[in-house]
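Visitor: Here's the letter readout for the chains.
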Amino acid sequence: MSAVHFVLLAPLLGSIALALVPYRRAAALGNVAVSAATLASSLSLFVVEPYRGTLLFVDDFNIYLVVLTAFVAFTTSLFSSSYIAHEVETGRLTPNELRFYHAMYQAFVLTLLLALVANNLGLMWVAVEGATLTTALMVGLYRTHEAIEAAWKYFILCGVGIALALFGTILMYLAAQPVMGAGLAAMAWTELLGPVAQMDPTILNLAFVFLLIGYGTKVGLAPLHAWLPDAHAEGPTPISAVLSGLLLNVALYAVLRFKMLLASNEGVIAPGPLMISMGLSSLLLGSVMLYRRRDIKRMFAYSSIEHMGIITFAFGMGGAFANFAGLLHMTMHSLTKSAIFFAVGHIAQVKGTQKIADISGLTASHPALGWGLVLGVVAIAGLPPLGIFMSEFLVLTSTMARQPLLAIPLVLGLLLGFGALILRLQSVAFGPPSGRTGPVTASLLPLYAHLVLVLIAGLYLPPPLVAWFQTVARLLG
Amino acid sequence: MTLSESTIYDVTHLLDGTVLLLSFALLYQRRLFGVLSAFALQSLVLALAAAWQAFANDAPHLYITAGIALFFKTIIIPLALHRIVVNLGIHREVETALGIGATLIVGASLAALAIVLVLPVTAASVALTRENLALSLSVVLLGLLMMITRRNAVTQVVGFMSLENGLLLAAVGVRGMPFVVEISAAFAVMVAFIIFGVFFFQIRERFDTLDVSYVERFRGERH
Amino acid sequence: MSWLFQLLQAALVLAAAPLLTGFVRVLKARLLGRRGPPLLQPYRDLLRLLRKDPVIADNASWLFRSAPYLGFALIWLGACLVPTFTSRMGLGATADFIALMGILAAARFVTTLAGLDVGTAFGGIGSSRDIMIGALAEPAVLMVIFTISLLTHTTSLPLISEFMQTGAVGLRVSLALALIALVMVAIAENARIPVDNPATHLELTMVHEAMVLEYSGRHLALIDATAMLKLVLYVSLIAAIFVPFGMATGAGSAGAIALGLATWVGKLAAGGALLAVFETSIAKMRVFRVSEFLGGALLLGLLATLYLYVTRAL
Amino acid sequence: MLTAVFTAALALLLLGAGGAVLRQNTLVYGGSAAACAVAFLAALLWLLGGGEPERLVLPVGLPWLPVQLRLDALSAFFLLLVDGLGLLASIYALGYGRHEEEPQRVLPFYPAFLAGMNFALLADDAFSFLVAWEFMSLASWLLVLASHRQPETRRAAYIYLVMAAFGTAALILAFGVLAGPEGGYAFEQMRQRPDAFWPATLIAFLALVGAGSKAGLAPLHVWLPLAHPAAPSHVSALMSGAMTKVALYAIIRILFDLLDSVVWWWGLVFLLVGGGSALLGVLFATVQRDLKTLLASSTIENLGVVIAAVGLAIAFKANGLPLLGAVALVAGLFHALNHAVFKGLLFLGAGAVLVATGTRDLERLGGLIHRMPYTALAFLVGCAAIAAIPPLNGFASEWLLFQSVIEGAVLPQWSLQFAVPVVGALLALSAALALAAFVRAFGIAFLGRPRAAETAAAREVEATMRVPMGLLAALAVLIGLVPGLALRVIGPVIEALFGTAAISAAAGRFLWLAPPGRLDVAYSGFGLFAAGAVLLVLTVAVVKRASRTAPRRSAPWDCGFPDPHPATQYSAAGFAQPIRRVFADSVFRAVERVDMPAPGEQRPARLELRFDDRAWTLIYAPITRAVGTVTERLNVLQFLTIRRNLSLMFGALVLLLAIIAVLR
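Chains as they are written, first to last, in my numbering: chain Y, 1 to 477; chain S, 1001 to 1223; chain W, 2001 to 2314; chain V, 3001 to 3664.
Don't read these hints as lab results, they were simulated from the structure.
Worth double-checking, as some hints may not be accurate.
Unchecked claim - Part of the chain W face toward chain V, derived, beta carbon under 10 Å: (1) 2081; (2) 2098; (3) 2099; (4) 2113; (5) 2137; (6) 2154; (7) 2218; (8) 2285; (9) 2287; (10) 2298; (11) 2305.
Where a beta carbon is used, it is the ideal one built from N, C-alpha and C, also for glycine.
Next comes chain Y alone, as it looks inside the complex (with noise of 0.2 Å):
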């Protein structure tokens, strides 16, 4: 038994031993005890030698994905245990529900992390597969028409999206096998990431457009985005928050490793073009969609599909600064994102209500939370000293100099973002404050640690981080 393995099993076992518990607060607890044991077994990682076996491995990569997923997973199942206290008080869930909700929520850590470390295609397909099923019996959770309807939409999307992604496997397969022969190793990523140069070049293509469509689905890429704000705005929020901030994460990390694979081979069509492409269609319409929106979930939801954009976008430039900026910007995105979502679930419970025109005044009356959403969407906005903006410096300066025309577009998407972000944010947080003024009983904690960790991040990376970036920016050519 390796730590990956412990990584693994800690959510396993929660899994199936909040599937049993009935009581509220022991559940609540025991989930937040189960996703800190899995932070502490990941965060073991850093120590144990590097694991690297037929089915699993650990690679630079992946490990501080490993972490992160871990440490955002732990510090959810914090606000989590906060959120749902309230929302079985107001009777929006039944302690069934609940047991549901716990089990589900270690279920689809593992799933996350099950991707993370799967050596193995298949593998990896089946944990996306698996995160797809658990959160859509999430996003589900609260049984009103809304949310059954996105979860179905979320269902169907996401299936047919994850099919299409098998079918890039399966072609993945048969490029590999005449080249390495039958069996497991013509699957894993230690093993095909040599021999890719004399596989075939057009079956490689034709099994990236499978896998960039099919996993790009999850992604949120524009135009395959649809399930992902209904299914961000009708879910419980501590889920809306792990959608955000892991699960689109580690459906680019699919595409990632795709797009690794195929650098190696001379012949393919370079896949760059394509997820500048997506990239930027996502980046504009998410932006532009933002400013319609009347749910404020929903909007957050359209604000990761314009920063999954970017980050696409900057791994589809490529290069050192772009791919470092892409590894950044998931990171701060997610902790963000997630930081945003942990905010807004309080405000969603303080105020009654999610429809941005009747909350207002946030500032005023509840300070701790609205300085913190403001903090939040400053965050994602890209204003420094935080850490998006850091990323977000490095794509547009490396575009610039690269390709003068793209940044056209790109800077046009962001500005538009901006807009309707700040918009938002404006008549959310400040102004005279409306509706219910009560205090809040919220945990601040997971929210601020957020903020604090993207504050840090913008100024200053701790050398082992940059050292990771760097080698899988160069991996990623």
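Chain Y is fixed; fit chains S, W and V onto it per the hints.
Guide: Chains S, W and V in isolation, oriented as in the chain Y frame:
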């Protein structure tokens, strides 16, 4: 008994071609029960193809795949969908978003696109013949086409599963594909059905219909 | 020596100011077929006003009381800077043509503020219109300065006079345009017909007189004297730039100085005569035509500069 | 010295963090004042002492490029402006801050804003510069939002931040080109990278757009008259007086330091933009009825003047006339310095008026010279300075600028030969209109009779607010009389940028201003002042001797119909009417509507007055409309059926497949 390469190829090709033909048949159907029958038939041919690969390539685990396809997709799922249609009193005509003729023309173009796509592949560099690759690619695309040109939820589900048939067709055709894929593909179909069932249940409970456009009245933001 | 000339000039402009105004008045009256006031009447008027008790509005501030002194001193200072009979003056290097415009602007700043101080409708109307006139007149003068300084390669007034005196510039379209522009500005700045009428009271079209309506006694005397001084300033300025002939340059012998003085007096008389003729032959225009009048001056000034480039390029 | 400035800036940051927790007026503003004083003195000493640029590397920032700080002449000069004004504004805020409604919305951000400006001036690499730059925007945005309960303030803040982001984006792109594909983000690397013609042009215009939007250059100015007045007055003073200078710093840094050469026609563009902004800004200033908006509009004018000077400097430099270029840039920097002084003073004065009367509306003010004599005097000096009245500082820099414009005749390009006089005319017109605007501002607010009850009850403000105003007024006079003081601190900048000791000669003569080599053409504020003073004393002595009676007080004469009601006074709108009429259609699209009751009706007649900013109606409104239309149209995507969404997916798949089929 050993079979010559050409025999293996011919039979595989024949079966795969039949699957594609049945995909077109799915698109051609005007009545819901016709769709279900065509799907059952397609799944049957898929099962045969899987069994043939198991037999020809001496890969016994593919028999399991064949069995799953035969059992679930040929019998259980069509029967279940048949019951749903009857019980819920769903309109028995196929409601099209794009006319049948037009759908078939688009389908034919997609098949042509699939051929164009695999043409540059050199025969030696791929574990599946070019023809079979083109066939399964076409089946996948036609399944997707069915999902977007038919309004009714049942036909959409069938379209989705037809898409999966295309996947399986490719998967079973490859020599030595590790077990993971087959199992997971079959697993996906199963889970998909379960989940779909859950949704059907809820949807019936809430909306008394299976027409997806009713569900979509609640697309959020229009409160 | 130059400081002596400077003192002499300061005294001379002061002495000449009422005389020039009286001369213009007499001439205008004669042209209209009246006898008109005596030539020295302005001196008497000023003295009479000086002896009268000044009355000040209840709510007037210190600014109101000090404005006449400041305005007078500023215009006087300006008049000292324009070469009259000699180009060798003590203050020659202290201020150039641009600074002269600055000083005139400062005077306007003080008087228009004073017009607003009491808070009457007339003061406001006068100030507001005076400001509009200034806003258009100043840039026109600056364009004239550009033209002249491009020709003479300096903005220093004594040097401009000396350069123009050599005749090296010759006759140019630009100079003519600049002259017209400067004359138009001078008419406006001195509140002469057709822009304003120095002789009217209680007309809604008036500008300068409305602004100073609240003044009386010695304050009014100062204001009237300022207006007279300003006329001398502008006539001297036009003369110094466009007809500097006769002006003493360099160290200057006694004869040259005498000639300079004589020609200066002649120029003032000629300027006054021309002004009188012009004023009797033209009607007062509506206030909002003034902007077109001065806008025309500004355009002429700009054209003068541009023509200069054209001719230089040819 | 760099360490001192850095420490001060860091202390400001910490004060900001502390301000969020402690909410101690005295501590935050006192601390800010102290930190600014330290930075100011350090910059001043460095400038006077001369020497090599100092560097400091911090272990933060981009992983492969730690933050580089550098103190050279250019940054030291601008630090002088920012911290000098910061010091006085902080002292002022000790009093002003006590009248704040929600001080907790100002205290944390005020020191942070100052720190942002300081760091922007110290930064020696693109990343840290932009972080500081945008941090400055962020902090000032929050300061604008201090009175967030008013909808118009929120609108102003929103437009401000979006325009700031636009500007920053342009600057990021400019630095992207400067850094090149290898990512040489340090300024030192940029200085050494040769720039080809088109990239350099791109950089120049991105810098103009990026920094120009912060400086309020037309047509990117629309946010400025909204945002600057909305902030607390000491912040307004800093935004107008200091932050616009940071923008100017960015332009000069990029054009004259980071780029290795300039092209003459850039100068043409800068000249036209500068001249246009100057005229537009001042025209708006003449018609504003809000005192602080008036001041903000005039900021557009003054920055336009400075940019025109920069344009001249570019034109001269590109044509191999570094000496003349140096003079033009001196004029620009001198004007920037002066603007910081008088605009700071005026905003502080407006703040005092606001505190005393509770309004910024000119139509409600009046007669404050009696009730707030000290503020009135200081404000009067500020008005005179900004209206370019000799011998104050505003005139000195305008004088130098006009000399530069006249020298423009030597430029060889015919387009420049034509443009320079035209821009000269624009600048002259702006200067004259500035006089109108500020006579109106002072005359309506401080003279006449109070137009509202709260104005009549106004009281002079406390000493902490009066002292900074007094100091700034004294500075305006001092610099005007002894311009050599300013040239002494500008000299090192010019030497560093142009490599000439050109203006040292001029700077040596403290009392005279003169273009180099043209000692015959000179201006001496002190000389004029002295001569004028002599004449004034003479006048007073003579007149007082001739007429000894003390003036008698009585009701105003007003042509025999005095009416004590304050509404009979000329109003701010009325005062601006002639100018509004002259420029109405071309610039403002002013609409006057008179609602005249029929004979016999009792209701009063009303004059309604509206004017728009053409930039808004021609540029921003269409953009807003376009965004509205596009978002509305695309919003359909949110409401698509699942089937249609699948169709999109299918379409994307088929499209990509078709692409690889075609490309293979």
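Visitor: With reference to the structure, classify each hint as holding or not holding.
Guide: So, going through the hints one by one against the coordinates:
Annotation: interface hint on residue 2081 (chain W) holds; nearest CB of chain V at approximately 9 Å, less than 10 Å. With its C-beta approaching chain V no nearer than about 5 Å, residue 2098 (chain W) sits inside the 10 Å limit, and its interface hint holds. Residue-level restraint check for residue 2099 (chain W) holds (minimum Cβ-Cβ distance to chain V is 5 Å; threshold 10 Å). For the restraint placing residue 2113 (chain W) at the interface with chain V, the shortest Cβ-Cβ distance is roughly 5 Å, inside the 10 Å limit, so the hint holds.
Using the Cβ-Cβ criterion of 10 Å, the hint placing residue 2137 (chain W) at the interface with chain V is satisfied: the shortest such distance is roughly 8 Å. Among the interface hints, the one on residue 2154 (chain W) holds; its C-beta lies about 5 Å from the nearest C-beta in chain V, closer than the 10 Å criterion. About 4 Å separates the beta-carbon of residue 2218 (chain W) from the nearest beta-carbon of chain V, less than 10 Å, and the hint is met. For residue 2285 (chain W), the interface hint is violated, since its Cβ never comes within 10 Å of a Cβ in chain V; the closest pair sits about 14 Å apart.
Annotation: residue 2287 (chain W) was flagged as interfacial toward chain V, and the flag holds, the nearest CB pair being 7 Å apart, inside 10 Å. Using the Cβ-Cβ criterion of 10 Å, the hint placing residue 2298 (chain W) at the interface with chain V is satisfied: the shortest such distance is roughly 7 Å. Hint status for residue 2305 (chain W): holds, given a least beta-carbon distance of 4 Å to chain V, under 10 Å.
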